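Student: Please model the entire structure based on the sequences and the hints provided.
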Amino acid sequence: MPEGIYCNKRPITNEDDLKALLSDTRGKKYYEEMLSLDVDREKLWDNIQKTCKSRTKTWLEVCAHCGLCADSCFLYLVNDRDPKQVPSYKIQSTLGEIIRRKGDVDNAFMLHAMEVAWSQCTCCNRCAMYCPHGIDVGVMMGYLRGLLYSQGFVPWELKIGAGMHRVYHAQMDVTTEDWVETCEWMAEEQQDEWPGLEIPIDKEDADIMYTCNAREPKHYPEDLAEAAILFRIAGENWTVPSEGWEQTSLCMFAGDWEACKMQVKHVYSAIERLRPKRVIGTECGHAHRGTVVEGPYWAGIPNGQPPAPYMHYVQWVAEALRTGKLKIDPAKRIKQPVTYQDSCNYIRNWGLADTAREILSYIVEPGYLHEMTPNREHNYCCGGGGGFNGIGRFRPQRNKALLTKRDQILSTGAKLVIAPCHNCWDAIRDLEEEYQIGITWSFLKPLLISMVIVPEHLKPKEDAEEEGEE
Amino acid sequence: MYAFLTGPMLWLSFAICIIGCGYRAVKYVQGLNWQLDRVPYGFFRGLAIAGALKSIFHWLTPYGSRSWRVKPLYAAAFFLLHIGLVLVPLFLYAHVMVVAERFGLSWPTLPGGLADTLTILALAAGVFIVLRRFALPEVRILTTAHDLWIMVISLAPLVTGFVAAHQTGENNAWLLAHIVTGEIWLIAIPFTKLSHVVLFFCSRAQIGVDFGVKRGGQHGSGIVW
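Chains as they are written, first to last, in this note's numbering: chain A, 79 to 548; chain B, -16 to 208.
It is worth saying that the hints were derived from the structure and are not from the lab.
Note that the coordinates shown come from a computational prediction; the quantities given were computed from them, not determined experimentally.
Hints are not guaranteed to be accurate.
Said to hold, decoys possible - The calculated DSS-like cross-link candidates involving lysine-lysine, where the alpha carbons are at most 25 Å apart (straight line), are:
#1 A:Lys135 - B:Lys10
#2 A:Lys355 - A:Lys281
#3 A:Lys131 - B:Lys10
#4 A:Lys162 - B:Lys176
#5 A:Lys128 - B:Lys10
#6 A:Lys128 - A:Lys180
Claimed, not checked - Looking from chain B toward chain A, a few residues come up when the C-beta cut is under 10 Å (computed):
#7 Ser38
#8 Val53
#9 Arg187
#10 Phe194
C-beta atoms are modelled at their ideal positions from N, C-alpha and C, and glycine is treated no differently.
Tutor: Now the structure itself:
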């Protein structure tokens, strides 16, 4: 069977196809069909000839086979130093082999390559820092994912995720109406505690346009309320767009480059429409990578800069603390052993290690911060990056991968893990569920709200009076 | 025979090596693509140049990168091998004398004892690297025949040169062998993994620009060494 009903080379482009694929619980039929999905060898080789240029070719060719990348890879270490988990081996035996064979590979090969691309690499890019030639296997795995996606060999959840972006411009089925309603609902619900709280939609020429992760309106709308509260306390002139609010890119995990371009252009068109001075994204690593770090190239912007300066949430928080827009009550600072999860996407791959530490210097009582080893740019992936968290088929491998982070956290002795990244946050939640080490984990927003000094004029009337009476 | 090997053949070997390396470098740069590589080539030039130079410098400095520091033994072998293969031939008295006789050019040379020591250390490092390939499972799985061939091609001129230098009498077979293996080495450079002679600089500069401009460089970090 060349193409299946569920598993085929066509991207999902309409709601009906998306619902049909979703109805195939856990992708049972999808993966069955994948077993007989044909490889279009000619198209594969043609694609490679057009897109595999000197950087990738040189990386594959010049690799000295020295093995220095082995110890840099947490998946190699956590899988009992299995030689098949050496980054160089993983890419040479998949992408390298496809190129050596000029695309002449079969179904079994592609199934194996899919497993390697999505369960043996989280595209954390740590190996790039340890290779004498500067070979970045994470980048090449991303490229391999694109080739596999174009041939229909992609995990079920990511085919759906990419389809969601194509259909809803969001990783989940959150429509414009759903989004606008959620914003209104969240603002309304907070009125008792935060009178006058607003989530301004489509305000032109604001200082800040805020973008988020569709999981927030869909599953944790309070995160949106918290963002609004913090912007209000900081006195920011901000807005959210009615369209183009979704910053994430499951299509990036899937290797669906066309959908990546569509998604990021959607966000950029909101920036162009509303003309904010700058854009601030939520506490998400891959959303930042998709929209700020890689996005400009998908959108065809040669200098690599989004249409307006685009910051990660930690940059805004650090700035607000530094400038006194947010003031922390010293009595409420964190006074329990705490550690910080460095997200690969904006720490290693965007240089915000110091920014994160600046925040910690305000919110953690001195002496209570216990850094992981290694940390900052050298930190290990949470264990669930690059889409790994969301793929049911590779759940056992993902759970094993979580052991690295579990042990890193355990050896800090921390009871609280600050994780301003959705993927990291999920991975740490899952590792607690799986291994029960007695930790809690948090985004920055709830922590900040619990310790920020609220200016008198923003407090509810009764509260202010009560405090006045005391 | 000797005249041919030290005349036209030597010229040809150098020409193949230099033109071949130049070709590899030009093709590399021509094949860079800002959109596919997702690196803003041509923009933020100051950061790009700084990133590229740092990227090369930290890896050419013994223990200048974290990777060298966490693998001190391998790093030692790496530097000893490369010193023996690159620096020793350039500053060897016998080589400089040949150049001086032919072209009247000369430059400072290494004391003979030091050159001998560095050559032996380079050979030992090469043997260590080969043994390591078989001893460590994570390196064994990567090893191909090509990796072994290029080590043979690289070490052969050192062995033959060392013996030739310490020969007494008129027998110049070792000297001939040294010249032949040296020429094979030069010719092999552009066509094998030895092309890293030039592609190392290309690849390191590229990742230096990537991190130095796009991945963190604009916030003052880039790759952290």
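Student: State for each hint whether it applies.
Tutor: Verification of the supplied hints:
Distance hint between lysine 135 of chain A and lysine 10 of chain B is fulfilled; the C-alpha atoms sit about 11 Å from each other, no more than 25 Å. A distance of roughly 12 Å separates the Cα atoms of lysine 355 of chain A and lysine 281 of chain A; the hinted pair therefore holds under the 25 Å criterion. Between lysine 131 of chain A and lysine 10 of chain B, the direct Cα distance comes to roughly 10 Å. Compliance with the 25 Å bound is thereby established for this hinted pair. Taken as a hint, the lysine 162 of chain A and lysine 176 of chain B pair is honoured in the structure, with Cα atoms around 22 Å apart against an allowance of 25 Å.
Taken as a hint, the lysine 128 of chain A and lysine 10 of chain B pair is honoured in the structure, with Cα atoms around 16 Å apart against an allowance of 25 Å. Pair hint lysine 128 of chain A plus lysine 180 of chain A holds up; C-alpha atoms about 13 Å apart against a cutoff of 25 Å. The interface hint given for serine 38 of chain B is met, as the beta carbon of that residue sits about 6 Å from the closest beta carbon of chain A, less than 10 Å. Here the hint on valine 53 of chain B is kept, as its CB sits about 7 Å from the closest CB of chain A, short of 10 Å.
Of the supplied interface hints, the one on arginine 187 of chain B holds, with its beta-carbon coming within about 5 Å of a beta-carbon of chain A, less than 10 Å. Look at phenylalanine 194 of chain B: its Cβ gets to within about 8 Å of chain A, closer than 10 Å, so that hint holds up.
Checked against the numbered hints given earlier, the structure satisfies every one of them.
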